[in-house]
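For the sequence shown, full-length UniProt numbering begins at 1 and goes up steadily by one.
Please note: incorrect hints may appear among the correct ones.
[Stated by the list, open to error] With a cut-off of at most 25 Å between alpha-carbon atoms, the simulated SDA-like pairs for lysine to any residue come out as follows: (1) 149 with 42; (2) 149 with 91; (3) 158 with 146; (4) 214 with 159; (5) 158 with 148; (6) 158 with 15.
[Said to hold, decoys possible] Label pairs and their calculated CB-CB ranges: (7) 149 with 75: 16 to 24 Å; (8) 76 with 151: 31 to 39 Å; (9) 95 with 210: 15 to 23 Å; (10) 86 with 236: 31 to 39 Å.
No lab work stands behind these hints, which were simulated from the structure alone.
Each residue gets a CB set at the ideal place from its N, CA and C atoms; glycine is no exception.
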Amino acid sequence: MQESGIISLLVIALLAGLAMPAGAMLGFVPAIFPRWLQEELRHGILALGAGALLSAVALVLVPEGIRNLEIFAACYWFLAGAVAFMLLDVWLARNKTPASQLAAMLSDFVPESIALGSAAALGGGTLLLGILIAVQNIPEGFNAYRELKARGRKNRRKLVWAFCVMALLGPLCSLLGFYWLSHYPEVVSAIMLFAAGGILYTVLQDIAPQVHMKNHWLPSMGGVLGFMVGILGAMLEG
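Assemble the whole structure, with the sequences as input and the hints as a guide.
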């Protein structure tokens, strides 16, 4: 890959990471809307992230992940990812950590960024996966910020700067995937399927149940829009 391609990869990874502080800053919006509209907006943002996560699994991670693995290995790593995320969920719940949403956000972001760099090194497209990572990071950043603020972290500026620092994990992990894991396509596929299994578990266990609002039907359309972003990206990139 030429130097310009590496720069493009780093820019995409960084912008995807900066979606986390962008999501956090949505929490700054003053309460100028009626409470029911605020709740619809919050649930709609959650649904948007869920749709983007599902499209990342269906359109990128699974198709790319099964390319270099046998059937048994593909199923193993997909299931292993789901089990690992479930165990992390159990551990966070039992320890009542004040940053469970933050941990969930990073557990998605890190393997996806590695996969982004690996895909670039193997000649695959990076724009679609980068867009999907960014779209899902907005609601995850929003949720993590709200959780930390509710737990007593009141300094908004420090929280946003912390999220900005975490955004640097995107370029770092993508470089790891590009320079090291690209020589091991089977490992890259395993990481993609591991992330896919974990993400699917997270959507079904944590995100989807929070989207539903009694007597409100619009928020779920956010999930449709999130998945549509993936469809548009796949068609434009292909």
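Against the structure, the hints come out as follows:
no., hint, result
1, 149 with 42, "holds, 16 Å"
2, 149 with 91, "holds, 21 Å"
3, 158 with 146, "holds, 14 Å"
4, 214 with 159, "violated, 32 Å"
5, 158 with 148, "holds, 11 Å"
6, 158 with 15, "holds, 20 Å"
7, 149 with 75: 16 to 24 Å, "violated, 40 Å"
8, 76 with 151: 31 to 39 Å, "holds, 37 Å"
9, 95 with 210: 15 to 23 Å, "holds, 21 Å"
10, 86 with 236: 31 to 39 Å, "holds, 35 Å"
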